[in-house]
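Student: Here is what each chain is made of, one letter per residue.
Number of protein chains: 2
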Amino acid sequence: MARQFVCSKNEPVVQTKAGKLRGFIQDGTYTFHGIKYADAKRFQAPEPVEPWDGVKDALSYGFVCPLLHQDTPSGEVMIPHRYWPFDENCQYLNVWTQSVDPKAKKPVLVWLHGGGFAAGSSIEHVAYDGENMSKYGDVVVVSINHRLNILGYLDLSSFGEKYRNSGNAGNDDMVAALQWIHDNIENFGGDPENVTLFGQSGGGMKVWALMQTPAADGLFHKGIVQSGVIDGFVPEKKVDGTKIVNALLAELGLKEAEELEGVPYSILAEAYNKVSPALEKAGEYVGNTPIPNEFYMGDPRVVGFTEHARTIPLMVGTVFGEFSFGPAIAAKASMPEEKKLELLKKKYGENTERFLRLFRAAYPQKDITDLLFVDTLFRAPTKDFIEKASHNSAPVYSYLFTYEFPYDGGHVAWHCAEIPYTFHNTDKVPVCNEPGVSDRLEEQVFGAWVNFAKYGDPGHAALPQWPASKPGDEAVMLFDRVCELKHNFDHNLVDAVYAVAPRFGEEEPEAPIQH
Amino acid sequence: MARQFVCSKNEPVVQTKAGKLRGFIQDGTYTFHGIKYADAKRFQAPEPVEPWDGVKDALSYGFVCPLLHQDTPSGEVMIPHRYWPFDENCQYLNVWTQSVDPKAKKPVLVWLHGGGFAAGSSIEHVAYDGENMSKYGDVVVVSINHRLNILGYLDLSSFGEKYRNSGNAGNDDMVAALQWIHDNIENFGGDPENVTLFGQSGGGMKVWALMQTPAADGLFHKGIVQSGVIDGFVPEKKVDGTKIVNALLAELGLKEAEELEGVPYSILAEAYNKVSPALEKAGEYVGNTPIPNEFYMGDPRVVGFTEHARTIPLMVGTVFGEFSFGPAIAAKASMPEEKKLELLKKKYGENTERFLRLFRAAYPQKDITDLLFVDTLFRAPTKDFIEKASHNSAPVYSYLFTYEFPYDGGHVAWHCAEIPYTFHNTDKVPVCNEPGVSDRLEEQVFGAWVNFAKYGDPGHAALPQWPASKPGDEAVMLFDRVCELKHNFDHNLVDAVYAVAPRFGEEEPEAPIQH
Numbered sequence: 000m001a002r003q004f005v006c007s008k009n010e011p012v013v014q015t016k017a018g019k020l021r022g023f024i025q026d027g028t029y030t031f032h033g034i035k036y037a038d039a040k041r042f043q044a045p046e047p048v049e050p051w052d053g054v055k056d057a058l059s060y061g062f063v064c065p066l067l068h069q070d071t072p073s074g075e076v077m078i079p080h081r082y083w084p085f086d087e088n089c090q091y092l093n094v095w096t097q098s099v100d101p102k103a104k105k106p107v108l109v110w111l112h113g114g115g116f117a118a119g120s121s122i123e124h125v126a127y128d129g130e131n132m133s134k135y136g137d138v139v140v141v142s143i144n145h146r147l148n149i150l151g152y153l154d155l156s157s158f159g160e161k162y163r164n165s166g167n168a169g170n171d172d173m174v175a176a177l178q179w180i181h182d183n184i185e186n187f188g189g190d191p192e193n194v195t196l197f198g199q200s201g202g203g204m205k206v207w208a209l210m211q212t213p214a215a216d217g218l219f220h221k222g223i224v225q226s227g228v229i230d231g232f233v234p235e236k237k238v239d240g241t242k243i244v245n246a247l248l249a250e251l252g253l254k255e256a257e258e259l260e261g262v263p264y265s266i267l268a269e270a271y272n273k274v275s276p277a278l279e280k281a282g283e284y285v286g287n288t289p290i291p292n293e294f295y296m297g298d299p300r301v302v303g304f305t306e307h308a309r310t311i312p313l314m315v316g317t318v319f320g321e322f323s324f325g326p327a328i329a330a331k332a333s334m335p336e337e338k339k340l341e342l343l344k345k346k347y348g349e350n351t352e353r354f355l356r357l358f359r360a361a362y363p364q365k366d367i368t369d370l371l372f373v374d375t376l377f378r379a380p381t382k383d384f385i386e387k388a389s390h391n392s393a394p395v396y397s398y399l400f401t402y403e404f405p406y407d408g409g410h411v412a413w414h415c416a417e418i419p420y421t422f423h424n425t426d427k428v429p430v431c432n433e434p435g436v437s438d439r440l441e442e443q444v445f446g447a448w449v450n451f452a453k454y455g456d457p458g459h460a461a462l463p464q465w466p467a468s469k470p471g472d473e474a475v476m477l478f479d480r481v482c483e484l485k486h487n488f489d490h491n492l493v494d495a496v497y498a499v500a501p502r503f504g505e506e507e508p509e510a511p512i513q514h
Numbered sequence: 000m001a002r003q004f005v006c007s008k009n010e011p012v013v014q015t016k017a018g019k020l021r022g023f024i025q026d027g028t029y030t031f032h033g034i035k036y037a038d039a040k041r042f043q044a045p046e047p048v049e050p051w052d053g054v055k056d057a058l059s060y061g062f063v064c065p066l067l068h069q070d071t072p073s074g075e076v077m078i079p080h081r082y083w084p085f086d087e088n089c090q091y092l093n094v095w096t097q098s099v100d101p102k103a104k105k106p107v108l109v110w111l112h113g114g115g116f117a118a119g120s121s122i123e124h125v126a127y128d129g130e131n132m133s134k135y136g137d138v139v140v141v142s143i144n145h146r147l148n149i150l151g152y153l154d155l156s157s158f159g160e161k162y163r164n165s166g167n168a169g170n171d172d173m174v175a176a177l178q179w180i181h182d183n184i185e186n187f188g189g190d191p192e193n194v195t196l197f198g199q200s201g202g203g204m205k206v207w208a209l210m211q212t213p214a215a216d217g218l219f220h221k222g223i224v225q226s227g228v229i230d231g232f233v234p235e236k237k238v239d240g241t242k243i244v245n246a247l248l249a250e251l252g253l254k255e256a257e258e259l260e261g262v263p264y265s266i267l268a269e270a271y272n273k274v275s276p277a278l279e280k281a282g283e284y285v286g287n288t289p290i291p292n293e294f295y296m297g298d299p300r301v302v303g304f305t306e307h308a309r310t311i312p313l314m315v316g317t318v319f320g321e322f323s324f325g326p327a328i329a330a331k332a333s334m335p336e337e338k339k340l341e342l343l344k345k346k347y348g349e350n351t352e353r354f355l356r357l358f359r360a361a362y363p364q365k366d367i368t369d370l371l372f373v374d375t376l377f378r379a380p381t382k383d384f385i386e387k388a389s390h391n392s393a394p395v396y397s398y399l400f401t402y403e404f405p406y407d408g409g410h411v412a413w414h415c416a417e418i419p420y421t422f423h424n425t426d427k428v429p430v431c432n433e434p435g436v437s438d439r440l441e442e443q444v445f446g447a448w449v450n451f452a453k454y455g456d457p458g459h460a461a462l463p464q465w466p467a468s469k470p471g472d473e474a475v476m477l478f479d480r481v482c483e484l485k486h487n488f489d490h491n492l493v494d495a496v497y498a499v500a501p502r503f504g505e506e507e508p509e510a511p512i513q514h
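Those sequence lines, one after another, are chains X and V. Residue numbering for the first sequence follows numbering that gives the first Met the number 0, beginning at 0 and increasing consecutively. Residue numbering for the second sequence follows numbering that gives the first Met the number 0, beginning at 0 and increasing consecutively.
So here's chain X without its partners, still in its complex pose:
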């Protein structure tokens, strides 16, 4: 059925600090794509955009920050992507809202995309579209692009005062976006005093990194960290930024760091890709993540939460399988127990029986072959994060997305698999559709995200009681065919498996799975 489309000279036009913007309305949802929230010179701090006269169109998504490597399309049935033209002039955001009345003051959700700090965009996944979340949740949704990889995170602070925060330029862009939201979102029907950050993977890391960023204090009020806590990703201490910069200068035949400002990005990226692997292997800092300095206080699990961060209500969780993207055990429903044990022993050797006992205790309903795919790389640091956050004054809510997908004979949830549910976008992602199951699960997940944004508490009528976690008591909401609230239910399993599991960046032992 045709929906009502409105995009005329005067409607919808919204006044921002810098000038007027025109978006479009579809069946009541106001949409603004590609709003420029800041400008920046390469490696330097973002600045407010120049004001303009008249009305600018906000009808096309903005440029995405260029990446270091092109993606090779694969696994699209699990995570459908959208790619977009690149330009380092990439400080754009998108807004979906149900009202442009400054008195409406709806809760604001700000999506920080994943892809570490080196890749991705505000529209990279089909599931990132904000229309449904705004419509079904009656909230304002904002998603942002910002500088990535060496454009966003290369520490040139030793090479000049103007570069003093270049190691966090990407996060500085995010602060500029939050400032734009603070200054303008009222005219898009949003409440600048109720802003919730949510993000997955690198996006989750961005949430906690911004909690540790004094410049962002007061610009947001709650945070949702989805699969965004992992060991060994973001530097815990001050870094030496000179080595990678000197290697780049040598590779490019340049003398002054300032000359890097003028090198075409494709050449800069090529040089970086050439010189960085050796440094990285030697354990040196090579950019691509935020670094602790006077702008960013550091990982809260290492340096503690800042005083302000302790006041931020949190929802934090992971999914069952995370990096288990590979083929499932297609025949698990009919596979004899001994064959399953054989597969488990091939992966876990002498630990098999112990792990299996712990797995059965944690997941009595799951097939034992799921133990092959259980994630601890995110789950172990996440439960540590939750334990630490539970000492804060603000509450922390824990979840684990354990739903098995109707794919490949039954596939554990992979990294990013929960995103379509959080955005109410399962209609856009075929693999998320299971009649009789997925609509209800979507309401349960989506309701939690929206209620957390509205009230700081994810509980709602379609879920069991969901208390905040307390020190020593992780109260985990399991999102599955039947949602359950459990306490410390998998700690023994996670600790045991994590103790022997390869860390991030290390090689997995050969997968024992034959499709």
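Hints in this document: simulated from the structure, not taken from any laboratory. Fair warning: there could be bad hints in the mix.
No copy labels: a pair is met if it fits in one copy or bridges any two.
[Said to hold, decoys possible] Derived DMTMM-like pairs: lysine to aspartate or glutamate, alpha-carbon spacing no greater than 25 Å straight-line: (1) Lys55 / Glu75; (2) Lys161 / Glu341; (3) Lys427 / Asp137; (4) Lys280 / Asp426; (5) Lys134 / Glu192; (6) Lys346 / Glu255; (7) Lys273 / Glu87; (8) Lys331 / Asp52; (9) Lys331 / Asp456; (10) Lys453 / Glu258; (11) Lys273 / Glu260; (12) Lys237 / Glu130.
Because the structure is a prediction, the values reported are computed rather than measured.
Got chain X; can you put chain V on it based on the hints?
Tutor: Okay, now just chain V, sitting in the frame of chain X:
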């Protein structure tokens, strides 16, 4: 509501000549993305893919041919795009079907994308998705990527036998895709003896170019040319391919044309972009379109239709505004007549009154300011094409999409504007939604496309009688709020305006429109 998703080890798996492929099913629509239909060395003819054992996934769209220039996102509300990773190893196609029963023998529609012969992809527009067309039309839909620009259309024939058809390599890829369809589509429920090509802009040119390509004879049976006839785009005679190649070699400091095979594409493209403008300005051939040779017989309006081409039923048309993408006259509903005349005189000068008389005769219902935007660049050569095709043994049906969009105060149809209607994809393109109007128009347009593919006749119950055009009698179906069949209704207008209009590539006089 959740749909039924199926993608297991065995379902849906289809046997092709080269091996087995797995796709997915959603509510009965079988979908296969990114099927490799050929491989090719740079500048050389495509070859069949190597056979494989086991089952390959066809779950991710394949690489898109690299472009010469990056797009700058704009006008997305008019034409929403999808971009995708690039690689010259780009011979991929996609299939949507309602059955994988070899006995089903459903009509097959093959989409040839636009973007001249230099840009675009099988998924470039959101509206190119084939699911709805397959579902609502009960047909098999195929869309294909192929080589573009200098990878697909650079004539190196003077430099070696292996390059003899490099000037048509992109079209040769299409023939390979049609051969793949001929050999395999039965196992996807399609009828290899009822294949209809349809394409818009460059895609429309591809349709008539393949009609003039003996290697494709018998591989397709009908053609739909949407806004795909224009003067001065595809060379009419044999070209001299040596100048652009020698310029490239000089720019790159190379001696032998064969060395061009090894140059990274980005460097090749940069060199081409540097040397080609001067040659192009001098009227020299610089690649980017098919060229007449023993593979491609040449423009049917110049050399005549081949004997086989005369047997191909055609549907051919344009849209009202074509390249009129700019702002509409937002206030035209309330603008005084004298002000309108002033705008018209600014554009058409002393011709204004004559043009206006002809416009009112052709379009009695339209606002006279629409005359500012009426297309003749496509329409004039298209009616010439239809006149010439009307002498063939097979029928030719003419249409013109004159619907005014509910955008910007009422916007004439722009180049590509009809595509969402032909694919039954108006649900994916907000600007195509007008309650009470667009659903019916979609059924009218879509029904014509599907019926033409099924029966070689676009007529159906929701449209007025639609005869084929005859010599001297163009019977045009006007797709609009009310669909009408008219005869030679705009010829005087089109001839008059085309006589003074700038040709393709020439500058439009300054637009008189103030938004």
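Student: If you test the structure against every hint from before, which numbers come out violated?
Tutor: Violated: hints 2, 4, 6, 9, 10, 12.
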